[in-house]
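**Student:** The lines below spell out each chain.
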Amino acid sequence: MVVGAGMVGAACALYAARAGLDVVLVDRGPVAGGTTGAGEGNLLVSDKEPGPELDLALLSLRLWGELAGEFGTAVEYEAKGGVVVATSPASLAALGRFAAGQRAAGVVAEPVEGDALYGLEPHLAHGLPGAVHYPQDCQVMPALAAAHAVRASGARLLTGRTVTDVLRTPGGAVRGVRSDHGDLHAPAVVNAAGTWGAELASLAGTTLPVLPRRGFVLVTEPLPRRVRHKVYAADYVADVASDSAALQASPVVEGTAAGPVLIGASRERVGFDRSFSLPAVRALAAGATRLFPFLSDVRAVRAYLGFRPYLPDHLPAIGPDPRAPGLYHACGHEGAGIGLATGTGHLIAQALTARTPDLDLTPFRPDRFTEEAA
Amino acid sequence: MTERPHLAVIGAGPAGLAATVAAAAHGLRVTLLDSAAQAGGQFYRQPADGLRARRPQALHHQWRTWERLRDALDAHVKAGHVRHLTDHHVWCVERGADGFTVHALLGPEQEEPVSVPADAVLLATGGYEKVLPFPGWTLPGVLTAGGAQAMLKGTLAVSGRTAVVAGTGPLLLPVAAGLAAAGVKVAALVESAGPRAFLRRTGALAAQPGKLAEGAGYAARLARHRVRLLGRHTVVEAHGAERGGSEPQGRSGGEGPSTRRPEGPGTARLSTPAVPGTAGLSTPAAAPGRRTTHMLAAVTVAALDAERRVRPGTQRRIPCDTLAVGHGMLAHTDLAESLGCRLEGTGVRVDDEQRTDVPGVWAAGETTGIGGAALALAEGHIAGRSVAARLHGHAPDPRTWAAAAKTRTRLRAFSAALDAVYAPPAHWAEQITDDTVVCRCEEVTAGAVREAVGELGAGDLRTVKLLTRAGMGWCQGRVCAPAVAGLAGCELTPSRRPFARPVPLGVLAHQHTHPTGRGSS
Ligand SMILES: Cc1cc2nc3c(=O)[nH]c(=O)nc-3n(C[C@H](O)[C@H](O)[C@H](O)COP(=O)(O)OP(=O)(O)OC[C@H]3O[C@@H](n4cnc5c(N)ncnc54)[C@H](O)[C@@H]3O)c2cc1C
Ligand SMILES: Cc1cc2nc3c(=O)[nH]c(=O)nc-3n(C[C@H](O)[C@H](O)[C@H](O)COP(=O)(O)OP(=O)(O)OC[C@H]3O[C@@H](n4cnc5c(N)ncnc54)[C@H](O)[C@@H]3O)c2cc1C
Chain A
1 MVVGAGMVGA ACALYAARAG LDVVLVDRGP VAGGTTGAGE GNLLVSDKEP
51 GPELDLALLS LRLWGELAGE FGTAVEYEAK GGVVVATSPA SLAALGRFAA
101 GQRAAGVVAE PVEGDALYGL EPHLAHGLPG AVHYPQDCQV MPALAAAHAV
151 RASGARLLTG RTVTDVLRTP GGAVRGVRSD HGDLHAPAVV NAAGTWGAEL
201 ASLAGTTLPV LPRRGFVLVT EPLPRRVRHK VYAADYVADV ASDSAALQAS
251 PVVEGTAAGP VLIGASRERV GFDRSFSLPA VRALAAGATR LFPFLSDVRA
301 VRAYLGFRPY LPDHLPAIGP DPRAPGLYHA CGHEGAGIGL ATGTGHLIAQ
351 ALTARTPDLD LTPFRPDRFT EEAA
Chain B
1001 MTERPHLAVI GAGPAGLAAT VAAAAHGLRV TLLDSAAQAG GQFYRQPADG
1051 LRARRPQALH HQWRTWERLR DALDAHVKAG HVRHLTDHHV WCVERGADGF
1101 TVHALLGPEQ EEPVSVPADA VLLATGGYEK VLPFPGWTLP GVLTAGGAQA
1151 MLKGTLAVSG RTAVVAGTGP LLLPVAAGLA AAGVKVAALV ESAGPRAFLR
1201 RTGALAAQPG KLAEGAGYAA RLARHRVRLL GRHTVVEAHG AERGGSEPQG
1251 RSGGEGPSTR RPEGPGTARL STPAVPGTAG LSTPAAAPGR RTTHMLAAVT
1301 VAALDAERRV RPGTQRRIPC DTLAVGHGML AHTDLAESLG CRLEGTGVRV
1351 DDEQRTDVPG VWAAGETTGI GGAALALAEG HIAGRSVAAR LHGHAPDPRT
1401 WAAAAKTRTR LRAFSAALDA VYAPPAHWAE QITDDTVVCR CEEVTAGAVR
1451 EAVGELGAGD LRTVKLLTRA GMGWCQGRVC APAVAGLAGC ELTPSRRPFA
1501 RPVPLGVLAH QHTHPTGRGS S
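Residue numbers (our numbering), protein chains in the order written: chain A, 1 to 374; chain B, 1001 to 1521.
To be clear, the hints were calculated from the coordinates, so they are not data collected in a lab.
Check each hint, because a few of them may be wrong.
Which chain B residues face chain A? A few, computed with CB under 7 Å, are given here [said to hold, decoys possible]:
#1 1229
#2 1343
#3 1454
#4 1456
#5 1459
#6 1460
#7 1467
#8 1504
Pairwise CB distance ranges, derived in the manner of DEER restraints [claimed, not checked]:
#9 B:1413 to A:258: 44 to 52 Å
#10 B:1340 to A:312: 27 to 35 Å
#11 A:225 to B:1064: 42 to 50 Å
#12 B:1086 to A:70: 54 to 62 Å
#13 A:224 to B:1394: 55 to 63 Å
#14 B:1413 to A:70: 39 to 47 Å
#15 B:1340 to A:180: 34 to 42 Å
#16 B:1413 to A:323: 44 to 52 Å
#17 B:1413 to A:279: 39 to 47 Å
#18 B:1239 to A:258: 29 to 37 Å
In this text, a Cβ means the ideal position worked out from N, Cα and C, and glycines have one as well.
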């Protein structure tokens, strides 16, 4: 039983079904109605420093490549590559060091300087000192990817059902969930409730400190393709790992197959505040037009927001919860849940079928925060 | 300059004008912004030309009201208490620590930014027409009721045309009458509601002698022009025919994304003020540079049974080159929503003083719900009085607007009664064939919407949009949302549109500090 039909839940359902399990997927809303429908579909290695998250990203990218072969164009997969631009000589030096570390961990990261940069991205602002090209960065359309993964899984999909409790045996083992439409029994329950994962954990009598981090994305009118890669400024990398609650925005700019340019995303910790923030989208527009001056005359037609599920150490929780036997967590992927979904689903399926996981799950242990508190 | 408190009114239709005049008369400084080139809104702007030709008794009264409002506005402008900013397209209202900033773009290019600071804001942005699709609705020659009205203004030769007016709602009568008066042959008025929609005295309807007289006047005029009134009927399909040229119908031309911006006004194809100030919507098949040889040639209409379902065997064909369709109106709520105002149904929620639940923000007229020009006037008046009192630091005395409040109560009941009478055919969505395009901006078919719901797990407007792109285009779903909701069997929830108008990134990127309007940048 997987709770949450976002990208992560969809991937868990897909890989669990392929591992031979009988899967039920429950969501209180429709498929992709949570953060998955409010994010962008960057599958990035470029923004990750060497460590467990990068390992998970590399595994996930490999699996995304396989899925893309299977789903064809339906999920708008594009292996377009990323270009991380330095805006000053100092940031170029820092970027160079960052990329060297990534190369050692298996990432393809090619320094680009001078004219070569404008060969990759002809419409970039003049006078930029250099960049690093990451050919492995890819793109999917998250909602389509989730919907097609659910369909391909063959899982029983129950939408419009809110999980109101997690059922447990007197011994404390999980045996299913209670929903507003009745009880559903299963020997294993996967918490793929994204930003709402903390609530689900507490229904099961455990804790997982998932919190929301708001983000806005700007969408322009459709254009002929002028931005070829995922392009962002090097300071973005610093934002991702930031602990600051204040607004930070460094623009990831990219063209889409459908025409519009996407500019995202801001990062703020303001709880679940859905109100529109003009300063946040102004900052995105300012960053994007600095990188691509031609965008000044292009119109934004909409902006949307979502709440990234984040955990204090910026790593997701993946694997069994020793405090509630039968409960597995697959949430807290923050701004990378689309990219990391495939690897997460694959690792969850291995854990569910008692196989040795491809990656060491220790850094992702769901109970790691209780120990720290103790 | 006086030290009067400053109110910004957005929308110069009946509601915004009434509010501006009332607020200025009670000690406020008012900046009135509207995207149009003249004051008047949808009501005083559009029918004026047609009306002046004949001045029927029932409408003469409204013409007087307009003249009074216009004269009062002019007087306040001269006295320096009101600034009227035409051609100002408001894209966002921002709430700050000490008041509001209204952000606008100067038309018609909508590139140059203007910001207006204010102590309070009144949203009087009105509504836009709702159109439900049917096979063939994207053919050139199919217009909204309002688009047909605009056609009368003379950008196109109208006489010699043969039109059918169809859909549901009280706007169809004046539109048909206006077309007939302008020399268009109106072959039929096809209304899906029963004959009661044309004239019947029941309940709240009977309490509106003026309104009924209006309806009776239209009916009499239509009879004079021999317009066939087909009550409890619907258009099931529009048919095209080739007009000169041999290009087959359908998409042709280059692949890849096209810039699907709306065209200028005056084009004889479905145009709606859904994105006000930017006039119509183009279908890619009819976009400039692509040859379109199919034009509307006829419609098939059918009778509805007592359950408002199409009665088999009643189909018949009516030749026409123009079809004006409308299925009522929807409120413009974009600005309200990005301010955080709560909605009720599809309109902005207000209290007895026309206050929204965001302090400092009032709303009046059709942005709060559809109810006609007289209701908009009453609400605007009350709002203007309320803001004036509140900005001077005291609670208003509702007795000072008792007459307007009475009118408001009566007309709200009346429009609720109308809503009960006018309704699209039951199960209208079933009539839409899978290959019918429902989202014109993104060319999404009914079949794609059905697949997203039936096979991919979409369950609301947002997830249908994500899985099909329906509603992602230039009009941001203002046109297709009711159709998509009907096809998907989900609720018509207003989608969030932080920008009431598309805004250049360069404008967004720069924090503009222009203190006042035009000429100050
Ligand atoms: C602006 C923005 C940009 C982003 N850009 C990217 C990007 O480029 N690349 C990337 O990889 N990631 C990106 N992300 C992050 C990514 O969107 C998320 O990490 C990811 O969508 C999380 O997926 P999920 O399946 O865990 O959660 P969700 O998609 O939120 O799914 C959780 C589901 O659980 C359901 N649920 C919750 N509680 C219950 C309950 N009690 N009962 C039943 N159902 C329940 C919810 O309805 C929801 O559908 C971005 C996020 C934002 C906000
Ligand atoms: C074809 C047609 C026929 C009609 N016939 C009748 C009739 O016979 N009798 C009757 O009672 N009613 C009729 N109506 C309805 C009547 O027009 C409305 O009830 C009335 O105009 C509502 O007044 P309002 O002030 O609320 O809004 P509106 O008159 O719609 O005015 C709103 C104004 O706000 C402006 N605006 C909106 N958004 C922005 C923005 N973001 N920035 C700047 N400006 C903005 C618009 O340009 C517009 O001028 C008809 C309507 C139509 C379309």
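**Student:** All the hints need checking, so say for each whether the structure fits it.
**Tutor:** Cross-check of the supplied hints:
The restraint placing residue 1229 of chain B at the interface with chain A is violated, with a minimum CB-CB distance near 41 Å, outside the 7 Å limit. Interface hint at residue 1343 of chain B: violated, since its Cβ lies 13 Å from the closest Cβ of chain A, which is beyond the 7 Å cut-off. Look at residue 1454 of chain B: its Cβ only gets to about 11 Å from chain A, farther than 7 Å, so that hint breaks. Evaluation of the residue 1456 of chain B hint against chain A yields a held restraint, the C-beta minimum of about 4 Å falling below 7 Å.
Because the beta carbon of residue 1459 of chain B sits about 3 Å from the nearest beta carbon in chain A, less than 7 Å, this interface hint is met. The closest approach between the C-beta of residue 1460 of chain B and any C-beta of chain A is roughly 6 Å, which is under the 7 Å cut-off, so the hint is satisfied. With a cut of 7 Å, the hint placing residue 1467 of chain B at the interface with chain A holds, because the nearest CB-to-CB distance is about 6 Å. This hint holds: residue 1504 of chain B has a C-beta 5 Å from the nearest C-beta of chain A, less than the 7 Å allowed.
Checked against the given bound of 44 to 52 Å, the beta carbons of residue 1413 of chain B and residue 258 of chain A, roughly 46 Å apart, stay inside it. At roughly 30 Å, the beta-carbon separation of residue 1340 of chain B and residue 312 of chain A lies within the given 27 to 35 Å, and the hint holds. At roughly 57 Å, the beta carbons of residue 225 of chain A and residue 1064 of chain B sit outside the given window of 42 to 50 Å. Against the hinted window of 54 to 62 Å, the Cβ-Cβ separation of residue 1086 of chain B and residue 70 of chain A comes to about 57 Å, which satisfies the hint.
Separation of residue 224 of chain A from residue 1394 of chain B is about 58 Å and conforms to the stated range, judged on CB atoms against 55 to 63 Å. Under the hint 39 to 47 Å, the C-beta atoms of residue 1413 of chain B and residue 70 of chain A, about 59 Å apart, miss the expected range. A C-beta distance of roughly 29 Å is found between residue 1340 of chain B and residue 180 of chain A, which places it outside the suggested range of 34 to 42 Å. The supplied range of 44 to 52 Å is broken by residue 1413 of chain B and residue 323 of chain A, whose beta-carbon atoms lie about 60 Å from each other.
A hinted range of 39 to 47 Å for the beta carbons of residue 1413 of chain B and residue 279 of chain A is consistent with their spacing of about 44 Å. Taking 29 to 37 Å as the suggested C-beta distance range, the pair residue 1239 of chain B and residue 258 of chain A conforms, at roughly 31 Å.
Hint check: violations occur at hints 1, 2, 3, 11, 14, 15, 16; the rest are consistent with the structure.
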